[in-house]
Amino acid sequence: MAKSPAPVRPAMSRVRFLGSAKSGTADAWNMRITSIALVPLSIAFVAIVLSLLGKDYAAVRTELGHPLPAILMLLFILSGVFHMKLGMQSIIDDYVHAAQLKEWALIANLFSSVCIGLACIYAVLKLSFT
Amino acid sequence: MKEAEFGASGIETRRPLSPHLQIYRPTLTMMMSIAHRITGAALYFGTLLLAWFLIAVSTGGGAYDVAAYCLNSIAGKLILFGFTWALFHHLLGGIRHAIWDTGHGLEHPQREWLTRAGLVGGIGLTVTVWTIAYLVH
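Just so you know, the protein sequences line up as chains A and B, in that order. In short: position in the first sequence from 1, add 52, done, that's this note's numbering. In short: position in the second sequence from 1, add 18, done, that's this note's numbering.
These are calculated hints, taken from the structure and not from any lab test. Nothing false has been slipped in among the hints.
Here are the simulated DSSO-like pairs of lysine-lysine, each with C-alpha atoms no more than 30 Å apart in a straight line: (1) A:178 - B:95; (2) A:178 - A:107; (3) B:95 - A:107.
Just the calculated beta-carbon pair ranges, DEER-fashion: (4) B:41 - A:84: 27 to 35 Å; (5) B:118 - A:106: 35 to 43 Å; (6) A:67 - B:152: 54 to 62 Å; (7) B:128 - A:84: 19 to 27 Å.
Listed next, the stretches of chain A that the computed footprint assigns to chain B, with coverage defined by at least 3 CB atoms under 8 Å from CB atoms of chain B: (8) 112-119; (9) 135-146.
Just so you know, even glycine gets a beta-carbon here, dropped at the ideal spot from N, CA and C.
Just need the whole structure built from these sequences, with the hints factored in.
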């Protein structure tokens with residue numbers, strides 16, 4: 053026999069239900085949740101930045117150390133960093149096709165998002181507690 | 019045809035491809051979709067500015083003066099203006115997508131209006147915020 057026979061199970065039945073149908077929608081859902089949170093929070097962020105204009109260093113420090121601006125900044129940073137991590141992840145998924153480069157890009161995205169988020173949170177907390 | 023287009027069983031495995039961007043005439047909704055992604059990516063790098071500013075404030079007067087000097091320069095203001103526009107453009111784009119997610123506004127006249135409102139609104143809000151900034155300052 054020159055050629056092995058075609059498999060009894062068709063190709064589609066072998067791959068069906070092996071996809072990401074279990075947790076595959078989590079990213080899309082979290083993207084929407086964070087975007088809802090970011091509507092009021094990014095407006096609050098712009099308002100806080102506007103309130104800092106023309107103030108000297110001590111006044112900026114005091115303003116950002118007040119509970120309300122500090123809490124709003126923390127919420128904005130947390131939801132913003134989560135949102136941007138998911139957004140960059142889908143950009144990488146869409147455009148980076150080389151398997152290894154894609155893994156590294158996803159890792160770099162996670163690391164930089166966490167670093168940016170943690171740095172911002174640390175700075176805001178330091179302003180509030182020192 | 020190339021060998022790679024056939025599986026082990028000799029059956030053709032090449033799948034149909036959907037037409038991509040270059041096939042279509044550019045439309046406003048398409049351009050705004052692309053702009054949504056580009057502004058999103060720009061905001062990613064904008065958070066680096068925010069992190070730098072917050073760390074500078076928490077570090078001390080010297081670091082703050084350097085950050086304030088850079089952000090008050092012409093280049094700094096241009097970047098901040100772009101940041102403001104990207105933020106509002108992406109914000110309104112997100113609201114538009116949220117409306118579309120509910121199944122509303124997808125028909126022809128509504129979707130064009132929503133898209134135009136996003137474009138004009140993003141520019142309008144940016145100019146408004148910068149006008150307020152200059153009036154307060």
